[in-house]
Amino acid sequence: MKQTHAPTAETTSQGDWDDYIKAYYEKPASFKSWSGYDLKEIYTPEDRPGENYKKNSADAGTYPYTRGIHANMFRGRLWTKREVVGIGSPADTHARLKYLSQQGGSGLNTIADVTYEMGLDADHPWAIDEVGLTGVNITSIKDMETLTKDIPLDKVSWSLITASTAASVTMAQYVAVAQDAGYDVGILRGSIQNDPIHFRYCGFRPACPLDLSIKLGSDVMEYCTRNMPKWYYTTVNMYDLREQGITAPQEVAFGFGIAMCYIDELIRRGLDIDEFAPRFTFYVSCHVDIFEEVAKIRAARRMWARLMKEKYGAKNPRSMQFRFAVHTAGCSLVPQQPYNNMIRIAYEALAAVLGGVQSLHCCSYDEPMCLPTEKAHLQALRTQQILAYETGVTNVADPLGGSYYVESLTDKIEEESLKVMNQVEEVGGMEEAIRTEWLDRQFESEAVKRQKELDKGEKLMVGVNVFTTEQEKTTPLGVQKISSSSAKQQVAEVKELKRTRDMDRLNDAIKRLQDDANDGKNLIPAMIEATKALGTTGELLGTVREVFGYPYDPMESIESPFNF
Amino acid sequence: MAEKKKIKVLVTKVGLDGHDRGAKVVSSLLKEAGMEVIYLGMFQRPESIVRAAIDEDVDVIGLSYLSGEHLIFTPKVVDEMKKNNFVDVLLIAGGTFPAEDIPIMEEMGIDKVFRAGSLTESIVDYINDHVEE
Chain A
155 MKQTHAPTAE
165 TTSQGDWDDY
175 IKAYYEKPAS
185 FKSWSGYDLK
195 EIYTPEDRPG
205 ENYKKNSADA
215 GTYPYTRGIH
225 ANMFRGRLWT
235 KREVVGIGSP
245 ADTHARLKYL
255 SQQGGSGLNT
265 IADVTYEMGL
275 DADHPWAIDE
285 VGLTGVNITS
295 IKDMETLTKD
305 IPLDKVSWSL
315 ITASTAASVT
325 MAQYVAVAQD
335 AGYDVGILRG
345 SIQNDPIHFR
355 YCGFRPACPL
365 DLSIKLGSDV
375 MEYCTRNMPK
385 WYYTTVNMYD
395 LREQGITAPQ
405 EVAFGFGIAM
415 CYIDELIRRG
425 LDIDEFAPRF
435 TFYVSCHVDI
445 FEEVAKIRAA
455 RRMWARLMKE
465 KYGAKNPRSM
475 QFRFAVHTAG
485 CSLVPQQPYN
495 NMIRIAYEAL
505 AAVLGGVQSL
515 HCCSYDEPMC
525 LPTEKAHLQA
535 LRTQQILAYE
545 TGVTNVADPL
555 GGSYYVESLT
565 DKIEEESLKV
575 MNQVEEVGGM
585 EEAIRTEWLD
595 RQFESEAVKR
605 QKELDKGEKL
615 MVGVNVFTTE
625 QEKTTPLGVQ
635 KISSSSAKQQ
645 VAEVKELKRT
655 RDMDRLNDAI
665 KRLQDDANDG
675 KNLIPAMIEA
685 TKALGTTGEL
695 LGTVREVFGY
705 PYDPMESIES
715 PFNF
Chain B
4 MAEKKKIKVL
14 VTKVGLDGHD
24 RGAKVVSSLL
34 KEAGMEVIYL
44 GMFQRPESIV
54 RAAIDEDVDV
64 IGLSYLSGEH
74 LIFTPKVVDE
84 MKKNNFVDVL
94 LIAGGTFPAE
104 DIPIMEEMGI
114 DKVFRAGSLT
124 ESIVDYINDH
134 VEE
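Sequences listed follow chains A and B, in order. If you count by this note's numbering, then the first sequence holds residues 155 to 718, one letter each, in order. If you count by this note's numbering, then the second sequence holds residues 4 to 136, one letter each, in order.
Just so you know, these hints were derived from the structure itself, not from any lab. It is possible that some hints are incorrect.
What follows is a set of in silico ranges between Cβ atoms, one per label pair, in the way DEER data are often shown [to be verified]:
# : chain 1 : residue 1 : chain 2 : residue 2 : range
1 : A       : 655       : B       : 128       : 56 to 62 Å
2 : A       : 423       : B       : 74        : 26 to 32 Å
3 : A       : 711       : B       : 90        : 46 to 52 Å
4 : B       : 132       : A       : 582       : 43 to 49 Å
5 : A       : 713       : B       : 90        : 52 to 58 Å
So these bits of chain B aren't anywhere near chain A, every CB distance computed over 12 Å [to be verified]:
# : residue
6 : 9
7 : 90
8 : 130
9 : 132
Don't be surprised by glycine CBs; every beta carbon is placed ideally from N, CA and C.
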């Protein structure tokens, strides 16, 4: 066992016992929060002079919702235990969904793979090698039928994780399948991630040009506002931003900045803030500093309420409520001593619940090694269940409210987030910050800082820079393999579908999509029809991309098969 | 001290994987450690990687994999290197891998695998110790 963080050494002749003796005298390495704020020895009423409870905190369920969006929080309903699933083919993914539902999962949650997010069909030359490796590719309505087979769409709550411009197609595919099965789409419950702006920072820039991101992202939001009143049509993804290495206040500020890009567009289209804001949701990271994460969530709730009321003039309380899902921080996990990840995940999940989360995904312990095995997935779900059913954290709303420390830290995160929001304003607003790559530079410099903190031992991580051991030879609960035969089969099925479909019907549907795009109409209705005509993800997006002046294929290796 | 030629490193993503935080951070920190770094960026194929490595005459190729694509692309990169007779170069990989895959990757031709959670010093030292003068 190697200890790089050495406390004051007490010399001894006891040889092997030196480490033991040193450890006895140990102090923490730092008194900073994860985001780098100096913390005091103790917090007292003097840290919050002139505290106005009703104005800044208020009871849960009351503006500005610092303490939670529901008065009774988990007493009314537990958070949704929603583990992300996306493995191999639609059929493989369906099988894992079924397994988790039998184990007590309470929300379906499926994630697109890189090929689908990029808007590529499974038979695209860039997709063939990678289809199904990181999620599921839905090339056509047939794949969506396989994924949703036998699932009562009118009763479940389904979270569809497609974030890029392909989210517009996912929405169309889901609606098309539901309509074909005879469901009234007005009663469907669930959410779609649909945050293409942020997704350029996750490697999907070719699929997410800024104007098309705002256009298609807002089309989904507008369509759902008018047709699917129970559907949450965006999950603004603060989590992925945080994974870039930024601090807690930056996560809030950049996330809100991106949310406002969509809000401003929807208002420009003539929607009233109270028509759509109640369906806005967020995807938040919970990193390993428990109190800072709880403070961040509390600050975000207060800031969102004020932003909606004061800047946008919202009147409906639901517009002011910051609703969010948490994904425990993948970047806080390491392959060294992999069992330790379960403990990190449990602390992060605790922070999410103490913060009043609506829906939770716990990472599986094998996140930094492979897709979750069935056993690892189950362990992640069990982590949530132990929290929900054993620990008592569900009894009381905002249990950390009133803590001198947490209240002070909430104020601090709010103050720092507002500073970052002002910085964004100073560079010309979020769209400008994106266009000029100001935001890229923030991510890159913060990520380097995080690595240096570990390199220098300013932040300690067990198994990484303290208490290191030999590399393990095996992964404790096995390794999830992706079946190359199911990928091959999916590719073959897509090729067969393209060969056998009714081309006249498809051409008409694609032509209508193209016309609607040229006319500046909302494209979701035409996408639903094109999906039913067996148009594929790549074909629908490619057609729209060309109208907006982008290459049909984001990878620029294939041409449009349509010629009007 | 005699002027020493800077070690030249090519860092790249392979295929569609968009997780580029690690590749960018490693690129920055290798530069700070005195190496010359060419970061090729995303959406590279084995052909474009080896072409760039030859054009730049690098000493090290660093492949970044975080989407489970390492066993698919590694043999293709190695084949491409052999095809171009560009084999006298250190081939390293970084990212997220199960422990079981590390010997497989080494068998395929990777000289050293750095998993997530590696400290910069371990990468810098390895390169300094293994790039031939």
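| said: When the structure is checked against the list of hints, which entries are broken? Sort them ascending. | reply: Violated hints: 2, 3 and 5; rest satisfied.
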